[in-house]
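J.: Working from the sequences, and respecting the hints, build out all of it.
There are 4 protein chains.
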Amino acid sequence: MAEFSLDKDQNHEILSRREREKLAHRQDILDAATRVFAKKGFFNATLDEIAQEAEFSKGALYLYFNNKEDLLYTIMKEKTSKIDEFVEEILNEGIPFKEELRLFLQKLASFSFSDKEFLQIFIVQHAAFFRSLSPDKAREFCSAHEEHDQKVINRIDGAIKQGELRNLDSRSIYGMIHGASENMMFSRWECTTEQDLYSKIDIFIDMLFNGIARKKEVGSEQ
Amino acid sequence: MAEFSLDKDQNHEILSRREREKLAHRQDILDAATRVFAKKGFFNATLDEIAQEAEFSKGALYLYFNNKEDLLYTIMKEKTSKIDEFVEEILNEGIPFKEELRLFLQKLASFSFSDKEFLQIFIVQHAAFFRSLSPDKAREFCSAHEEHDQKVINRIDGAIKQGELRNLDSRSIYGMIHGASENMMFSRWECTTEQDLYSKIDIFIDMLFNGIARKKEVGSEQ
Amino acid sequence: MAEFSLDKDQNHEILSRREREKLAHRQDILDAATRVFAKKGFFNATLDEIAQEAEFSKGALYLYFNNKEDLLYTIMKEKTSKIDEFVEEILNEGIPFKEELRLFLQKLASFSFSDKEFLQIFIVQHAAFFRSLSPDKAREFCSAHEEHDQKVINRIDGAIKQGELRNLDSRSIYGMIHGASENMMFSRWECTTEQDLYSKIDIFIDMLFNGIARKKEVGSEQ
Amino acid sequence: MAEFSLDKDQNHEILSRREREKLAHRQDILDAATRVFAKKGFFNATLDEIAQEAEFSKGALYLYFNNKEDLLYTIMKEKTSKIDEFVEEILNEGIPFKEELRLFLQKLASFSFSDKEFLQIFIVQHAAFFRSLSPDKAREFCSAHEEHDQKVINRIDGAIKQGELRNLDSRSIYGMIHGASENMMFSRWECTTEQDLYSKIDIFIDMLFNGIARKKEVGSEQ
DNA sequence: CATGAATGAGGTTTCATTCAT
DNA sequence: AATGAATGAAACCTCATTCAT
Chain A
63 MAEFSLDKDQ NHEILSRRER EKLAHRQDIL DAATRVFAKK GFFNATLDEI
113 AQEAEFSKGA LYLYFNNKED LLYTIMKEKT SKIDEFVEEI LNEGIPFKEE
163 LRLFLQKLAS FSFSDKEFLQ IFIVQHAAFF RSLSPDKARE FCSAHEEHDQ
213 KVINRIDGAI KQGELRNLDS RSIYGMIHGA SENMMFSRWE CTTEQDLYSK
263 IDIFIDMLFN GIARKKEVGS EQ
Chain B
63 MAEFSLDKDQ NHEILSRRER EKLAHRQDIL DAATRVFAKK GFFNATLDEI
113 AQEAEFSKGA LYLYFNNKED LLYTIMKEKT SKIDEFVEEI LNEGIPFKEE
163 LRLFLQKLAS FSFSDKEFLQ IFIVQHAAFF RSLSPDKARE FCSAHEEHDQ
213 KVINRIDGAI KQGELRNLDS RSIYGMIHGA SENMMFSRWE CTTEQDLYSK
263 IDIFIDMLFN GIARKKEVGS EQ
Chain C
63 MAEFSLDKDQ NHEILSRRER EKLAHRQDIL DAATRVFAKK GFFNATLDEI
113 AQEAEFSKGA LYLYFNNKED LLYTIMKEKT SKIDEFVEEI LNEGIPFKEE
163 LRLFLQKLAS FSFSDKEFLQ IFIVQHAAFF RSLSPDKARE FCSAHEEHDQ
213 KVINRIDGAI KQGELRNLDS RSIYGMIHGA SENMMFSRWE CTTEQDLYSK
263 IDIFIDMLFN GIARKKEVGS EQ
Chain D
63 MAEFSLDKDQ NHEILSRRER EKLAHRQDIL DAATRVFAKK GFFNATLDEI
113 AQEAEFSKGA LYLYFNNKED LLYTIMKEKT SKIDEFVEEI LNEGIPFKEE
163 LRLFLQKLAS FSFSDKEFLQ IFIVQHAAFF RSLSPDKARE FCSAHEEHDQ
213 KVINRIDGAI KQGELRNLDS RSIYGMIHGA SENMMFSRWE CTTEQDLYSK
263 IDIFIDMLFN GIARKKEVGS EQ
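These protein sequence lines map, in sequence, to chains A, B, C and D. In terms of my numbering, the first sequence is numbered consecutively and its last residue is 284. In terms of my numbering, the second sequence is numbered consecutively and its last residue is 284. In terms of my numbering, the third sequence is numbered consecutively and its last residue is 284. In terms of my numbering, the fourth sequence is numbered consecutively and its last residue is 284.
Be a bit skeptical, because a hint or two may be false.
Heads up, the list lumps identical chains together, so a pair's fine if it works in one copy or across two of them.
[As the list claims (entries may be wrong)] Calculated cross-link-like contacts (lysine-lysine; reagent style PhoX-like; alpha-carbon spacing at most 25 Å):
hint, residue 1, residue 2
1, K120, K101
2, K102, K199
3, K102, K139
It should be emphasised that the hints constitute simulated quantities derived from the structure, not laboratory data.
T.: If you want it as structure tokens, here you go:
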């Protein structure tokens, strides 16, 4: 995030006005496409509507992007790298896994309120996205993602070794966290405010770490 | 299930050959559509391909279904009711919630191997499905589903009252189970055999009930 | 009309039950087609609907008629010959032209109330009819009609010679009568009962014969 | 008429070349559609043929019109308003009704020679037109037409009060004129030149005003 | 850089007609 | 004689993409 702002400032110094404008237009189109894809879905969205939303002509879209598919591809990459970015940040903080997860989910929650289309695009349009991708690009995209997944799985293995987590299959743990948190984030578990969602995150982490079963005599932490 | 078989047998006795054939053809088309939707997705699938896959003419599809959307709708309803059916069965068995869940997941796992397109259609095509639905049908479909969700949530509440589960928000528990198990089933957590998946289910339930955190001194159940 | 009834009776004596039934079925289909064509128009009418209206299967239509076009052709011929029939009758009565015309219009009026689809089919579907006809059949149909028109024009010439009508171009007189009476019959000049229409016919004939201009003292023609 | 020419000139000054071209293309398509509809009828006409006749692609038709129906609707409105326009003009001239009618019919005759498809479309395609119209648009169209009809009927009433016409039901007079003149114009009463048709119009008006009956000495019968 | 008119391939849908039963 | 499931040609319409301006 910080770096991104830096980039923007740097733009101002390094790039000409022309180039800065071009970048801004590109982003305008991307934002418009994001809104339309989120609202209508990739296949139902038309370039006409995106162009209108972006307040550009249809032809202009092709000055910045190769085709409709490229628009979604770029958006997905942008959203994905946003996540990768702050996962990277969090992993560098050297705090317990549980707190890392909490931070991550809080960040995601924050995004889901600030960038309303974020999860809608990121989760729901995945299927359309992969279907519209050429095999090459799909492989490229997946491998980047898998690399990132692997980092998280390694972190889980680390937490197991450090005695923070039980000695379970780390991929299964990852799958559980991934699926459950996706569900929580996407449906927001009926939260309307960011604050509400934060407390749900605490409940989620409690359930995840301590289980949902009633303990008979000896209490659990928290 | 039992009744369904009965139906089929009764078909043979009650219905004329013409009528039986018509039913069979209808099912052939439905199966073909399921395969094509699973492979290409709803929007990329063409009626040409479905017709070819079903070994019927394109026009024949319209003897059995109103339109493309109707095909997906019918498939989704069929898949949904399959799930509802065995949830109903399981809820009637009067066993602990944990065992109910295990049974449910095993059944789902079994389906995901016998009916290869089941989850692909059920999970991935949801978005396309709802986008392609008229508002009326969408509401109808959702309300049926919500009713079913509510039953499960009530069951969770029951398990809490009986001291089987911790006193947590039942909707959150439901969301967690839902998201995590969807992830497990869909990616199959890298299992290639049904047996493998069964042991993953056990791990899943262990994680879910006992948590993923390392307990310091006092052991956990199971 | 009378002859037609005779035909029917003769059918009973000459034809076998099979043959009589076949004729009846044929007429049922024709009547159904007439109703549907009148309601929807030739192009919007579907054989499905006609079959349903006739309470036969779609395939059965092809046992009695070659194709959709043939249905309309047969209907048109039937309606046309009905008119030709009573024109013939009237021409044989040896009464003044004005009374012949009155009789003819009364007969038409009577038909338009008893056979509700008569004029709808006869007038409105003309265009569709001729468009759907092969050139050969169109010529055949027209020539039959022209022959009949000629008879009427000859009658007008006769009335001129006998001093009943002014010495005007008989084809123009025919056109005037034809157009005006078609308009009267079809829109019925806002009549709802047959009796109403009869008095409009008297007005029509008055206008036609005496003109619409106010006569000052002695009539001038322009 | 005069205004229309003015409009065209103004177009040249006010509108950009792009806009002028677009209007011209729109008219080209409209003209092509008119020719095809006149030749084949609405239902038998295909967009393929219209596009070919207009020397545009099929898709281009949809840049200017919503659908096939819209094409016919626009054409009908254009033709109708042409008639309404000069009826309005004539009504403002303050001349006897008989001369108004003559002027009107002459104008119509002139159109039927200059705009060859005018009457073909206007009269013959009426049925198809109304069948292809949504109820809303049909009502809208009819009410506009009825308003115009009413004006003419009021004019007839005026002519009766001024003693120009006999005291007859004005609607019946209107129906008579309407039907008879439609017949004359459409079949042209076998005229091949405009001049011929003009003399037929004189005959028509003579017949209409003075009747077709031979006057013996004074007064009419009935 | 920006436009938007034009394209045309390809989609869904309809329906007259056929034919095995 | 009667059925109605099946066909397939052809219709209308959409929209991603191109290109002259």
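J.: Next step is simple, just say for each hint if it's right about the structure.
T.: Structure-based check of all given hints:
Taking the shortest Cα distances, K120 and K101 sit within 25 Å of each other inside one copy (19 Å), while across copies they are farther apart (30 Å). In this homomeric assembly, K102 and K199 come within 25 Å of each other (Cα to Cα) both inside a single copy, at 24 Å, and across copies, at 17 Å. In this assembly of identical chains, K102 and K139 lie within 25 Å of each other by CA distance both inside one copy and across copies; the values are 20 Å within and 22 Å between.
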